[in-house]
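Assemble the complex: chain A is given as a structure, and chain B must be docked to it using the hints.
Number of protein chains: 2
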Amino acid sequence: MDVFETVRTVLAVRAFQAKPIPVKVIHRIVESAWLTGSSRNGQPWHFIVVENRATLKQLGSLAPTGPYIAQAPLAVVVAMEPSPYAVSDVSRAIQSMILTAWSEGVGSNWVGYQNLEQTKSLLGIPADVEVMAILPFGYPAKKLGKGRKNRKPFAQVVHRERFGQPFE
Amino acid sequence: MDVFETVRTVLAVRAFQAKPIPVKVIHRIVESAWLTGSSRNGQPWHFIVVENRATLKQLGSLAPTGPYIAQAPLAVVVAMEPSPYAVSDVSRAIQSMILTAWSEGVGSNWVGYQNLEQTKSLLGIPADVEVMAILPFGYPAKKLGKGRKNRKPFAQVVHRERFGQPFE
Numbered sequence: 002m003d004v005f006e007t008v009r010t011v012l013a014v015r016a017f018q019a020k021p022i023p024v025k026v027i028h029r030i031v032e033s034a035w036l037t038g039s040s041r042n043g044q045p046w047h048f049i050v051v052e053n054r055a056t057l058k059q060l061g062s063l064a065p066t067g068p069y070i071a072q073a074p075l076a077v078v079v080a081m082e083p084s085p086y087a088v089s090d091v092s093r094a095i096q097s098m099i100l101t102a103w104s105e106g107v108g109s110n111w112v113g114y115q116n117l118e119q120t121k122s123l124l125g126i127p128a129d130v131e132v133m134a135i136l137p138f139g140y141p142a143k144k145l146g147k148g149r150k151n152r153k154p155f156a157q158v159v160h161r162e163r164f165g166q167p168f169e
Numbered sequence: 002m003d004v005f006e007t008v009r010t011v012l013a014v015r016a017f018q019a020k021p022i023p024v025k026v027i028h029r030i031v032e033s034a035w036l037t038g039s040s041r042n043g044q045p046w047h048f049i050v051v052e053n054r055a056t057l058k059q060l061g062s063l064a065p066t067g068p069y070i071a072q073a074p075l076a077v078v079v080a081m082e083p084s085p086y087a088v089s090d091v092s093r094a095i096q097s098m099i100l101t102a103w104s105e106g107v108g109s110n111w112v113g114y115q116n117l118e119q120t121k122s123l124l125g126i127p128a129d130v131e132v133m134a135i136l137p138f139g140y141p142a143k144k145l146g147k148g149r150k151n152r153k154p155f156a157q158v159v160h161r162e163r164f165g166q167p168f169e
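Line by line, the protein sequences are chains A and B.
Per this note's numbering, the first sequence starts with residue 2, numbered consecutively.
Per this note's numbering, the second sequence starts with residue 2, numbered consecutively.
Here chain A stands alone, though its shape is the one from the complex (with noise of 0.2 angstroms):
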C-alpha cells in the first residue's frame, strides 16, 4: 500500500485473528524497523520477535493496558541501549514497524512499557538495555473504519511560516 494512504487508514488494533503471519511479513515488519534511520546512525536498539504462546501470554500478563498481547501471533519487544536520542530513533523505528504491518493488512497497537524487570528476565534483557515497548501484530479480528480519526483542527497544528498563522 502507498505511505500516504497507509499512515490515513493506520488504526490501532487491539483485537486480532488467530491466523499466523507469514514469515516474509514478519520477516519485512523486523527489517524495516532494523532499516530505519537514527541519530548519527547509532541504531541504539533491540527487537526481540515472540511467537512462543507461553512468552505471548506471559507478556500479556506483564502489560496492564496491553493484556491482548496474549491473543496475538506475534509481538515484537523494542528496546533501547540508552542514549540522549535513543527515544526519537526508536520511535521512529516503531513507526516503520507499524506503517509496513499495516500495508501488509496487519495491524499492531503500541504498548507502553511496564512491569520492565520482569519482562526483561522473562526474555533475558541485559540489564543496560532498556524495554521500551510491547507490539502485538495480527490480522485485524474485525473489519475496520477506513481510518477515519479523532484529531485536533488541522488549522491548529498546521501553520503557516509564523506559529499562528493556520496553513489552510
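Hints are not guaranteed to be accurate.
The list cannot tell twin chains apart, which means a pair is met if one copy fits it or any two copies do.
[Said to hold, decoys possible] Straight-line Cα separation of at most 25 angstroms, DMTMM-like style, residue types lysine to aspartate or glutamate; simulated pairs: (1) LYS150 with ASP3; (2) LYS153 with GLU169; (3) LYS25 with GLU6; (4) LYS58 with GLU169; (5) LYS144 with GLU52; (6) LYS144 with ASP3; (7) LYS25 with ASP3.
Source of the hints: derived by calculation from the structure; they are not laboratory data.
Frame of chain A, contents of chain B only:
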C-alpha cells in the same frame, strides 16, 4: 510507493534542486504528520510550514548541522508541547513525514534543534512550546544510490524469542 520499499530506499538528503514542491505534495506531507497516532491521542505537536526564502535562510544559519536548509524549497519546523510521551509522539510524526515525502520523490533529513530561542523568536513560537527538529524538504540534487544502508548486522539487533538468540 509501497511502504517497505520506501523504508528500504529512503536516504538522508542534504542537497536539493531549486524545483518547488507541488502544493498537493506539501499538503500530503504535513497531513501525514497530523494524522499520525500518538500516546493517548495526545497530539502534542505543531508543524510550521516554511517556504519563505528569507526565513529558510535564517533557519539555515541558526542550525549548525543544517546550513543546507537555506537552499531547500521547503522546511517543516516541528515543535512540541512537552509531556512524558511527546518525544516519542513527535518522532513518529516526523517518520511519517519523511516516508510520505520520499514516496513522492522528495528527500529530507532530520536536523536537530539548535539555537532554540532564536528559532522560536523567528517563528513566533510560544514560550511553553519546544522546537524539536527542522526538516528541510526538496527533490534530491543528485541521483542517489538504491538505498544501500550502513547498518549493524541484522542478527545483532533482531532476536528470536529471547535476547541474544539471532532471529535469522
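To see whether the hints hold, each was checked on the structure:
In this homomeric assembly, LYS150 and ASP3 come within 25 angstroms of each other (Cα to Cα) both inside a single copy, at 18 angstroms, and across copies, at 22 angstroms. In the homo-oligomer, the alpha carbons of LYS153 and GLU169 lie at most 25 angstroms apart inside one protomer (14 angstroms), although the nearest pairing across protomers, at 42 angstroms, exceeds that limit. Proximity of LYS25 to GLU6 under the C-alpha cut-off of 25 angstroms is found in both arrangements, the shortest distances being 22 angstroms within a copy and 14 angstroms between copies. In this homomeric assembly, LYS58 and GLU169 come within 25 angstroms of each other (Cα to Cα) only across copies, at 24 angstroms, whereas the closest approach inside a single copy is 47 angstroms.
Proximity of LYS144 to GLU52 under the C-alpha cut-off of 25 angstroms is restricted to the intra-copy arrangement: shortest distance 24 angstroms within a copy versus 41 angstroms between copies. Taking identical chains as interchangeable, the C-alpha atoms of LYS144 and ASP3 lie at most 25 angstroms apart whether they share a chain (20 angstroms) or sit on different chains (22 angstroms). For the identical chains of this complex, LYS25 and ASP3 are neighbours both inside a copy (19 angstroms) and across copies (16 angstroms), given an alpha-carbon limit of 25 angstroms.
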